[in-house]
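2 protein chains.
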Amino acid sequence: MRQTELFSKTRKEVPKDEVSKNAKLLIKAGFIHKEMAGVYSFLPLGLRVLNKVMNVIREEMNASGGQEILLSALQNKEIWESTGRWSDKAVDSWFKTTLGSGGEAGLGFTHEEPITQMMRDHIRSFRDLPVYAYQIQTKFRNETRAKSGLIRTREFLMKDLYSFSRTAQEHDEFYKIMQTAYTNVFSRVGLGPFTHMTYASGGSFSKYSHEFQTVCDAGEDTIHLCEKCSIAVNDEIFSDQPVCPACGNKNLSVKKSVEVGNIFSLGTRFSEALGLKFVDEKNESKLVIMGSYGIGPARLIGTIVESFSDEKSILWPSAVAPFSVHLLLLDPSDDMARKQAETVYNALSAGNIEVLFDDRDVRAGEKFADADLIGVSLRVIASSRTTKDGTVEVLDRRSGKHTMVSPDTLASHINAHL
Amino acid sequence: MRQTELFSKTRKEVPKDEVSKNAKLLIKAGFIHKEMAGVYSFLPLGLRVLNKVMNVIREEMNASGGQEILLSALQNKEIWESTGRWSDKAVDSWFKTTLGSGGEAGLGFTHEEPITQMMRDHIRSFRDLPVYAYQIQTKFRNETRAKSGLIRTREFLMKDLYSFSRTAQEHDEFYKIMQTAYTNVFSRVGLGPFTHMTYASGGSFSKYSHEFQTVCDAGEDTIHLCEKCSIAVNDEIFSDQPVCPACGNKNLSVKKSVEVGNIFSLGTRFSEALGLKFVDEKNESKLVIMGSYGIGPARLIGTIVESFSDEKSILWPSAVAPFSVHLLLLDPSDDMARKQAETVYNALSAGNIEVLFDDRDVRAGEKFADADLIGVSLRVIASSRTTKDGTVEVLDRRSGKHTMVSPDTLASHINAHL
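So the sequences go chain by chain: A and B. All residue numbers for the first sequence refer to my numbering, where the first residue is 1119 and numbers rise by one. All residue numbers for the second sequence refer to my numbering, where the first residue is 1119 and numbers rise by one.
Some hints here could point you the wrong way.
Said to hold, decoys possible - Think about it this way: if two alpha-carbon atoms lie no more than 16 Å apart in a straight line, the pair counts; the simulated EDC-like pairs of lysine to aspartate or glutamate are: (1) A:K1214 <-> B:E1222; (2) A:K1374 <-> A:E1345; (3) A:K1134 <-> B:D1453; (4) A:K1457 <-> A:D1479; (5) A:K1395 <-> A:D1239; (6) A:K1142 <-> A:D1479; (7) A:K1400 <-> A:D1507; (8) B:K1130 <-> A:D1488; (9) B:K1127 <-> A:D1246; (10) B:K1519 <-> B:D1488; (11) B:K1195 <-> B:E1178; (12) A:K1142 <-> A:E1460; (13) B:K1127 <-> B:D1488; (14) B:K1139 <-> B:D1428; (15) B:K1430 <-> B:D1353; (16) B:K1127 <-> A:D1488; (17) A:K1130 <-> B:D1526; (18) B:K1373 <-> B:D1398; (19) B:K1139 <-> B:E1123; (20) B:K1134 <-> A:D1239; (21) A:K1127 <-> B:D1246; (22) A:K1142 <-> B:D1488; (23) A:K1146 <-> B:D1490; (24) B:K1404 <-> B:D1206; (25) B:K1142 <-> A:D1239; (26) A:K1146 <-> A:D1479; (27) A:K1127 <-> B:D1239; (28) B:K1214 <-> A:D1479; (29) B:K1146 <-> A:E1222; (30) B:K1506 <-> B:D1428.
Said to hold, decoys possible - Selected chain B positions facing chain A (in silico; Cβ < 10 Å): (31) V1157; (32) Q1193; (33) Q1253; (34) E1261; (35) K1346; (36) S1348; (37) I1349; (38) V1397; (39) M1454; (40) V1512.
Everything labelled a hint here was simulated from the structure, so no lab data went into it. If you're wondering where the values come from, they're calculated on a predicted model, not measured in any experiment. Glycine included, each C-beta is placed from N, C-alpha and C at the ideal position.
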């Protein structure tokens, strides 16, 4: 894409009430727009990153047997009353609204209730199970403290998968598959080295649930990390001495962290309240065993920016970068340099490499500052200088290494360094 | 996909309060689930159709120069007060809610206000224009009469594009590009022959706006159609004798129709209220000229089902069908027939043809009835009978024609008949 055609601009100013590093950088870089506290819109560059994150998640869910659906945001009060979660005392983050035809509706902050109700139409027999259904859908939570940018918002896309199993064993097997799928997601988006499976409180049906916590100064959670096992325990579940549940190690490190995902065994809590049963092989009626598994794609983006940025620049991991290459034309009034840049742009685009081409008529310093801010790790520079020996300059921002590359071999050089 | 792995089932019953043909059929076929009046969720088959419709729209918007973004559903009251549209008297379909931190927020029923406000950060000079930005995003409208299934819902995805132009002429040129893009969308999803550009009321800045109306008994609108020009006039704009605005013909046919899209010249209504200006070539400050352009993907699906179905079956146009081929194994206990079906399934899947494979252990009559309901137009049948001469039977439901085809040439036969 040509930068002259991209409507969003980098900015020097951010809204006065914005305090988080990730939102400040993403607003300055033209990725997001702040609508109000805890509510952000996605501009073209931000939506590109969001789509890449969502596709990584979607691929891992599909590979785990998930079937994608799309549930409504508007929630039927009666269904939530069945489980005791309609009351504002039980759930303090509801957004509720009034129907023109009378009565109230809620805006979903999660979807256990409606999906359990819906599955009553599709699950009758053991032959219909197991079922794994997920969506990537907009949730609403009436947060009173929304000061962490994309990490805690009042409206956000969430991938939520729900599992429906016949037995505790079948549930446990899928729960392990999800642990692997989640590990894959965080690894693919670049957060693997800082993200730890974390024991958290489990509710009525299991001792623990599991969170995935990314160590990060902007985090709102506190974990106790066992460096030997690379697993952690959420501070909230300790009454006394923290200890690693895997190896018994008592020498744990206390870290601030962001909860980037969670997986939860629900047992029969929802199937019982809403009457989701199946007839088993012995013709006996049984309650379906459920689990739920959440990841917030935009929260991941916020965490990635907190982890891979300084005050003036972002450095996106390749898999989620808005473009693979940022091509800068430094001397737009030099016909040779422009011709070289156009040739490179066309050749890389023809090779299905996603290129953001800074073809603007602005000075080099502004181009470098904007490119640092926008955060693509591979930079290709065409200038009066590079045309002299017929090469272009490639900068890999991760290593800081500059390489002069012939346009003929550029595409393969890029593909080798993505 | 194997039908034994698809969690959704066809159903005989529909909710008692469901009166619309499109929702009844889509619920029976397992495409959608009714959450409450005017609120539906999408099951795997329904989401496949929705994604296909959205991709057709997305391709046409991108080809017209549109840049995709994603705005928030939650709306800032102050911005809407600037244009006089916050009041429930001005807009009777608001869903509003209360913020935990105090104050009210709305749920967007359209996005002129927030996108105009947002563009103030990105449009300064004539060099920044024109801009065409669109989203496919969930809208909320507090409908009191929601009895038309997917055609009128309280929560729905909408593609809304907004144009920002320097001059009336630049606006008019893009408005014509959108007329063509819209015509392409309706043609590609199969509604072309029944869909007519329709003159409707224009607001303060233009005499007319344009709707795209699909002639359909389930429609809530009435149009006067000029059969000669294939254009129409909405009943709402006539005070006396209807006449074709293109050719003067007074012999117009009165039809029921569904508004499947609309395009609207907004002039400076929103840019003036919210202060969206640019500096032109003469260094003069000018208001940006705007337009808005909407299509509801799910309303399109409802209209397609109304247009291509009878009481027991749907017949999807190829471009939006959930699968390209429905493969039915009629004698699952016959090893030869099962082997033939498996071979065909693997070969077509390897050829990137989307196949729904009815590998269930149920009787042939149920498979045919379900396949009629699910609505894929190309059906491939493998049975004890077809294995005898080594062919499979292909039924094109549109023509009713049966053809015996060798598995070797099946993929090319399918590709020629999509």
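Tested hints:
| no. | hint | verdict |
| --- | --- | --- |
| 1 | A:K1214 <-> B:E1222 | holds, 11 Å |
| 2 | A:K1374 <-> A:E1345 | holds, 15 Å |
| 3 | A:K1134 <-> B:D1453 | violated, 71 Å |
| 4 | A:K1457 <-> A:D1479 | holds, 14 Å |
| 5 | A:K1395 <-> A:D1239 | holds, 11 Å |
| 6 | A:K1142 <-> A:D1479 | violated, 26 Å |
| 7 | A:K1400 <-> A:D1507 | violated, 79 Å |
| 8 | B:K1130 <-> A:D1488 | violated, 59 Å |
| 9 | B:K1127 <-> A:D1246 | holds, 9 Å |
| 10 | B:K1519 <-> B:D1488 | violated, 19 Å |
| 11 | B:K1195 <-> B:E1178 | violated, 33 Å |
| 12 | A:K1142 <-> A:E1460 | violated, 33 Å |
| 13 | B:K1127 <-> B:D1488 | holds, 9 Å |
| 14 | B:K1139 <-> B:D1428 | holds, 9 Å |
| 15 | B:K1430 <-> B:D1353 | violated, 33 Å |
| 16 | B:K1127 <-> A:D1488 | violated, 52 Å |
| 17 | A:K1130 <-> B:D1526 | violated, 63 Å |
| 18 | B:K1373 <-> B:D1398 | violated, 46 Å |
| 19 | B:K1139 <-> B:E1123 | violated, 28 Å |
| 20 | B:K1134 <-> A:D1239 | holds, 14 Å |
| 21 | A:K1127 <-> B:D1246 | holds, 9 Å |
| 22 | A:K1142 <-> B:D1488 | violated, 53 Å |
| 23 | A:K1146 <-> B:D1490 | violated, 54 Å |
| 24 | B:K1404 <-> B:D1206 | violated, 31 Å |
| 25 | B:K1142 <-> A:D1239 | holds, 14 Å |
| 26 | A:K1146 <-> A:D1479 | violated, 20 Å |
| 27 | A:K1127 <-> B:D1239 | holds, 8 Å |
| 28 | B:K1214 <-> A:D1479 | violated, 45 Å |
| 29 | B:K1146 <-> A:E1222 | violated, 28 Å |
| 30 | B:K1506 <-> B:D1428 | violated, 34 Å |
| 31 | V1157 | holds, 5 Å |
| 32 | Q1193 | holds, 8 Å |
| 33 | Q1253 | holds, 8 Å |
| 34 | E1261 | holds, 7 Å |
| 35 | K1346 | violated, 41 Å |
| 36 | S1348 | violated, 35 Å |
| 37 | I1349 | violated, 33 Å |
| 38 | V1397 | violated, 15 Å |
| 39 | M1454 | violated, 25 Å |
| 40 | V1512 | violated, 28 Å |
The structure shown violates the earlier hints numbered 3, 6, 7, 8, 10, 11, 12, 15, 16, 17, 18, 19, 22, 23, 24, 26, 28, 29, 30, 35, 36, 37, 38, 39 and 40.
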